[in-house]
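Student: Could you slot chain B onto chain A? The hints should help.
Here is how the chains run, residue by residue.
There are 2 protein chains.
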Amino acid sequence: MATIGRDRKDAALDAIAELIHERAEDIAAANAADVATATAAGERFALVDRLTLTPARIAGLSAAVRAIRALPDPVGETVRESRLDNGLELTKVRVPLGVIAIIYEARPNVTVDAAALCVKSGNACILRGSRMAVNTNAALLAVVREALAAAGLPADAVQSLDPDRQALAELIADPHAADVVIPRGGEQLKAFLLENSRIPVLAAAGGNCHVYIDAAADPAKAIPIAVNAKVDRPSACNAAETLLVHRERADLVPELREALESAGVEVLGDEAAWATEFLDMKIGLRVVDSLDEALDHIATYGTSHSEAIVTEDEAAAERFVREVDAAAVYVNASTRFTDGGEYGMGAEIGISTNRLHARGPVGLEELTTTKYVVRGDGQIR
Amino acid sequence: MATIGRDRKDAALDAIAELIHERAEDIAAANAADVATATAAGERFALVDRLTLTPARIAGLSAAVRAIRALPDPVGETVRESRLDNGLELTKVRVPLGVIAIIYEARPNVTVDAAALCVKSGNACILRGSRMAVNTNAALLAVVREALAAAGLPADAVQSLDPDRQALAELIADPHAADVVIPRGGEQLKAFLLENSRIPVLAAAGGNCHVYIDAAADPAKAIPIAVNAKVDRPSACNAAETLLVHRERADLVPELREALESAGVEVLGDEAAWATEFLDMKIGLRVVDSLDEALDHIATYGTSHSEAIVTEDEAAAERFVREVDAAAVYVNASTRFTDGGEYGMGAEIGISTNRLHARGPVGLEELTTTKYVVRGDGQIR
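Each protein sequence line maps, in turn, to chains A and B.
In case it helps, numbering that gives the first Met the number 0 puts the first sequence at residues 0 to 380.
In case it helps, numbering that gives the first Met the number 0 puts the second sequence at residues 0 to 380.
If we strip away everything but chain A, and leave its shape as in the complex, we get (with noise of 0.2 angstroms):
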């Protein structure tokens, strides 16, 4: 996969999106079953919902595949370049990463954008979904590898695993079997990898995130971001789970509680509140007495995720922006806009807080590593 070239992995993407839309019945049977059988099972609505693909949902399948297809191709891009005193010429290229296994849950899209996202990138893949989705997956696979053969790739460069908990951690436990695992989806999932997975996992290890609304913060954007944060996804790991309000602001304290429990959210005032990242319609709310306080709060209860302060005051935002740790860092903005598609990078494959290698997004880039090409005439040492 690693030398093939752009309008090869482009052609067996199109042939990808082409086939899911020829076999969409053939699809929507496998999922109807996995669907009756998770209905049968008394499963709570959401994962039913988020399992179910529909005709519409289908299309949105070849729709992303399409997508990606029309993102640039990072492998060969050259990152650095220059010529040494001694007349090497360095050039330093993204290549491939390898093989990438992808844990995630019962959602059927990421079969199709996770294979999608390797083959543009040059990466072969493992993807490990879920046994609720196991009829729709190994029909979307079918499809997949079907058109990667049809396009002259091979068709072992995506593969599945067994969705059992003793397959995965064989896979896990051997640092040889991939070169990075990406957990899409929840707490416990990415707790268990990054507690016993051998293998580098690239995932947001938590997100418990903050919104400061600073001394000098404007009502009018402190409100809405507030509430934007917590409301747009409370499920997500940008979501916001705790306020923190400078004394000199508590005044926007009643408007702040009316406009969260308006839009359902149950606010918080007891300290237990501040280390929970509910990812739910709950949210955490203290009066800090200094921008200091706001500063030592988040770094005793913080993930390094996405933080967020609202102000006026550009030299409160300078130090906040300095001296927060985290992967994206908001000033005036809401802490939802951490994710590949809002920062332009087309899509991803989940989010990052990892220190090593990528940190935020992963997208295209970041599925990548380098290798430094050296030419000369002969130079020695």
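Keep in mind that the hints were calculated from the coordinates and are not lab data.
Note that this is a predicted model, so its numbers are computed, not measured.
Just to be clear, a hint being listed does not mean it is correct.
Intra- or inter-copy, both count: the list cannot distinguish identical chains.
Lysine to any residue pairs mimicking SDA-like chemistry, simulated, CA-CA at most 25 angstroms apart [unchecked claim]:
1. K91 / E265
2. K281 / R7
3. K91 / I379
4. K91 / S81
5. K91 / H356
6. K91 / L355
7. K281 / I379
8. K220 / T38
9. K220 / G377
10. K91 / R321
11. K281 / E260
12. K91 / G343
13. K91 / V320
14. K91 / E80
15. K91 / G345
16. K281 / E17
17. K281 / R248
18. K91 / G205
19. K220 / D84
Tutor: Chain B in isolation, oriented as in the chain A frame:
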């Protein structure tokens, strides 16, 4: 450390260089004690030699610190900058990695180099040297910490770990003890860390490097490159361990053999040699039938470190560059160039064959991670 500006970090580096100069006699006395112990214990010459600090070598320690001081500060550098459609101003900036653990053998210069590189890049570090150099390292560490304090930086930014196995085992078992572990030194140490560390390890996992002399090789380049790649420093991980010679250039073998043997190298033709990283004045030699066979050999026996082709055939060179999977690939140049200094990175703390984060020499830039800074005026999703 992360928020300290370049001026103060450079002042601390000046203070380290100056204090090494002032305390040269104390350092020499501490070193003499270590050298006496090592000599009495019958340690081999190479080890004792590396351990010994002559007045010139002590002056060299100061010079190395001043050279690191002169390098640009990687912290705060903007890696990416864009204005999103919604008006958000996105920047991706370099920030320090955090805490770097450096594990090394009886080379006192590493104590000073590593501390200086970490100070320059805004990182804290844990230095774990060899028991053999315990007095020398203590003297050097005292100088570094005194200089940091004199420059108003926290002395605790540079700490040491007791040189016993248990302390090291405990350190690397705790994923929160440091952000990355960098070994400097022997293959055994690296293998131990790669096998046991719960903290990511940046290292060259073996250096079974090849020089392939193609059918279209120029002998005037091939023979000097082959000899240099072996003899310039046989113990280095970028030294060549096997020569591959295309059958159409088998006429060069007697001359190659003669050149190597007269430089003191033992040339081994048997298959057993191919998987061996000699790190010594020995080299494997294999005649191959084709470029394909050379590529297969490198894929089978190589360790993805440094690989070279000698050829005047542009198509063969391009195929080699594209298909060989290694941190560094050379055309008509010695594998010995894989080095931060040679690559114009100023200094290196080691070489990595990891696929994640840093592949190749690890310099100041590789000791950083990034942070997204997003500035808005009230944007929500």
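Student: Which of the listed hints are broken here?
Tutor: 1, 2, 8, 16
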